[in-house]
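Colleague: Which chain is which? The protein sequence lines are G and D, in order.
Each residue of the first sequence is one higher than the last, beginning at 1 in our numbering.
Each residue of the second sequence is one higher than the last, beginning at 1 in our numbering.
In short, the hints are calculated from the structure, not lab data.
Glycine residues also receive a C-beta, built at the ideal position from the N, C-alpha and C atoms.
Incorrect hints may appear among the rest.
List of simulated lysine to any residue pairs, SDA-like, C-alpha gap at most 25 Å [what the hints assert, rightly or not]:
1. Lys321(D) to Lys72(G)
2. Lys321(D) to Pro65(G)
3. Lys557(D) to Met47(G)
4. Lys321(D) to Glu379(D)
5. Lys326(D) to Gln50(G)
6. Lys72(G) to Glu176(D)
7. Lys321(D) to Met47(G)
Now the in silico label distances, taken between C-beta atoms and shown as ranges [unchecked claim]:
8. Ser86(D) to His8(G): 46 to 54 Å
9. Arg302(D) to Gln85(G): 31 to 39 Å
10. Pro495(D) to Ala4(G): 30 to 38 Å
11. Leu82(G) to Lys321(D): 49 to 57 Å
12. Asp518(D) to Gly21(G): 20 to 28 Å
13. Asp301(D) to Gln86(G): 16 to 24 Å
14. Ile398(D) to Glu66(G): 49 to 57 Å
15. Phe13(G) to Glu56(D): 50 to 58 Å
16. Glu66(G) to Gln525(D): 31 to 39 Å
17. Phe13(G) to Asp451(D): 33 to 41 Å
18. Met185(D) to Gln86(G): 41 to 49 Å
19. Phe13(G) to Asp301(D): 56 to 64 Å
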Amino acid sequence: MPTANIEHEIRSFLVNNFLFGRADALRDNESLLGNVVDSTGTIELVMFLQDRFGITVEDEEMTIPENFSSVKNLTAFVEKKLTSQQ
Amino acid sequence: MNSIPWSVKIATLKNWHLRSLKRREYFAMSAFQEQLIGLQGRMASRAMAIEDDVPEILNSLPVRISDAVSYWAEHSPDRPALVEGSSTWTYRQLASSVIRTSAWLLASSVRPGDRVMLVCENCRAFVAILFALSDIDAWPVLVNARLSAREVGEIQNHCSARRVIYTTDASSQAAEHANRHGAIMENPVDWGTVAVGALNETAPEMNVPEPAQRVAALIYTSGTTGTPKGIMLSHRNLLFVAAVSARIRSLTPDDRLCGILPMSHAVGLSVVLLGTLLSGATLHLSPRFDPMTARTVLERDRITVMLGAPVIFSQFLQYAKLRALKVLRFPALRIISSSGAPLDSEIKSEVENLFGMVLHNGYGVTECSPNIASTRVEEPRTDTSVGRVFPGVEVKLIDRDGQPVANGEVGELLVRGPNVMKGYYRAPEETAAAIDAEGWFRTRDLARLEDGNLFIVGRAKELIVRSGFSVYPAEVESVLNSHPQVAQSAVIGQPVKGNEEVVAFVQLLPGSSLTVADLAEYSAQHLASYKRPSEILLVATMPATLTGKIMKDELRKMAQNLPVELNGPAPATKQMKL
């Protein structure tokens, strides 16, 4: 899946599920966990990533802040997981 | 607040050291902790009522919360006090850092009695600055960085903060506030970078009162009403709750606690942070919670005690579903406990099955530092009672006329004891309305006592009187929450001509296809007709405070704006997004 598509899907999910459809509220460099996604939304985000991209997000990967520090980093994380599964 | 001249640092260190040696409270601290160790040994050998020890605990409490580390820094200096990520701070390092942080604060024109705001999330910089402020008799004003710009601004204005310090390393939201306020980044000690706001030259200088009256933390709460109030908690308030809660859980230096509750709030501050450090145990700091990270920490760091809120334990249940796990076992874990919001019986039972251990329950309010009741390790409950009244604390239940209710009856809960706050900051009328001349604090919560165990029924002002019958929202919420596809619910009363109606807001679990009609039918199966919601609204999320309490005033405002037909049957579908 092209990078732009992955990013678009992640953005759409975040905007529609956590920002009430306000695309302008999602800033490029904003850390996702604790800001856009509160603790009650973490599971929802992981479920989305697993279901939509067919990857498995390991618990230990949640402890690495960089993975979720921005939409771009999350996109890179998903891409890396997809590549490693091929 | 640039680099501190060494002359100031050395002078401050000397003063601190002399004061430590001379201070009566320092030795009292040693006495307290030695007594704690001795009593824990005795308790291990025979059953012992904690209540009997309260006078001794009160007599041996130190003056300042910062003294919590003194004893262990001297007697077990190399034991770990705080763990943050891959870094560990021993008691020696923590004590040393507090001294240098005190010097930095003094050099930054912070005076005894000044209010200094800490816009923070859990991290060791927060702990060092908190204790340093305590040591120089300034007032830490604890502000969760997740508050909005408006809320932070209101608090800053109300408390006339001399300085505002933002724990930017641990919190991107603190960094945002700092950036908006034009704060300067500094790295003055050994706990990373913080941002520091400009000096407020107009902050009035305050006299430092005698020790028992000194404020250890000013915590603003909007509760569920939306109006911020500054709650002044004294050193004695916080240390009393910390010491007794540590005793209840028999904490020892071998314990490792999970610091997931925000330390800018009362439970995280008194029970978790101070309770851990008074006991010489280790606190694993986490700025925010997610169940995946928490599971990793529980396993890797062999956590022995985890205190959380219902929303945290709900997240573990969702995590188990995600991973298709029937059990989650952590061999070192010996206590899990919930507080901060009502614990639903379904959640309690499911969590107990998942963890294979009792989920304890507790109740409190910030004004009571915050503990009022908790279940005891030796007396686990199968229901959702919040347990026995906290040792050393008195309670009474009164009716609407102020008269004591009959045994087992519901009444408004009043509390008196060493946990009750000094008052609301700059709000003498509100303080007088909350605490009467005899020292009784009105919780505004409805409760009943059964065999010495407390049950919280709901908020006094939330009681719904429908067609002359009393409807307790907590009961209706409990029924709705018991539906397997419901994440959470909130019930409010909606005034209509000559009556009051029951309106329920329901948040479904992700992927649920449940309809309002399904929920109405479910309510009809489990509730008397007068208790059933006449309106059910499905919402995407609930407006909640940072501790997970649903903000019912927000829901009331929304309900007022809805074109509802309260006396008609529940519509087949009705959805709104908050």
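Colleague: Look at each hint and say if it fits the structure.
Modeller: These are the hints, each one checked on the structure:
For the hint linking Lys321(D) to Lys72(G), the alpha-carbon distance of about 28 Å lies beyond 25 Å, and the restraint is violated. Taking the CA atoms of Lys321(D) and Pro65(G), the gap is near 24 Å; set against the 25 Å cutoff, the hint holds. The hinted pair formed by Lys557(D) and Met47(G) fails the criterion: a straight-line CA distance of about 33 Å is larger than 25 Å. For the proposed pair Lys321(D) and Glu379(D), the alpha carbon gap of about 30 Å is over 25 Å, so the pair is violated.
With a C-alpha separation of about 20 Å, the suggested pairing of Lys326(D) with Gln50(G) holds against the 25 Å cut-off. In summary, the hint linking Lys72(G) to Glu176(D) is supported, as the alpha carbons are separated by about 20 Å, within the 25 Å threshold. Between Lys321(D) and Met47(G) the CA atoms are separated by roughly 10 Å; this keeps the pair inside 25 Å, and the hint holds. A C-beta distance of roughly 35 Å is found between Ser86(D) and His8(G), which places it outside the suggested range of 46 to 54 Å.
Checked against the hint of 31 to 39 Å, the C-beta distance between Arg302(D) and Gln85(G) comes to roughly 33 Å, which is consistent with it. For the pair Pro495(D) and Ala4(G), the beta carbons lie near 53 Å from each other, so the given range of 30 to 38 Å is not met. At roughly 24 Å, the beta-carbon separation of Leu82(G) and Lys321(D) lies outside the given 49 to 57 Å, and the hint is violated. A hinted range of 20 to 28 Å holds for the C-beta pair Asp518(D) and Gly21(G), which are about 26 Å apart.
For Asp301(D) and Gln86(G), the Cβ-Cβ distance of about 35 Å falls outside the hinted range of 16 to 24 Å, so the restraint is violated. In this structure the hint that Ile398(D) and Glu66(G) lie 49 to 57 Å apart at CB holds, the actual value being about 55 Å. Separated by about 57 Å at the C-beta atoms, Phe13(G) and Glu56(D) satisfy the suggested range of 50 to 58 Å. Distance hint check for Glu66(G) and Gln525(D): the Cβ-Cβ separation is about 49 Å, which falls outside the suggested range of 31 to 39 Å.
One distance hint, 33 to 41 Å for the beta-carbon pair Phe13(G) and Asp451(D), is violated here, with the actual separation near 50 Å. Under the hint 41 to 49 Å, the C-beta atoms of Met185(D) and Gln86(G), about 43 Å apart, fit the expected range. For the pair Phe13(G) and Asp301(D), the supplied restraint of 56 to 64 Å is violated, since their beta-carbon distance comes to about 32 Å.
Hint violations for this structure: numbers 1, 3, 4, 8, 10, 11, 13, 16, 17 and 19, all remaining hints satisfied.
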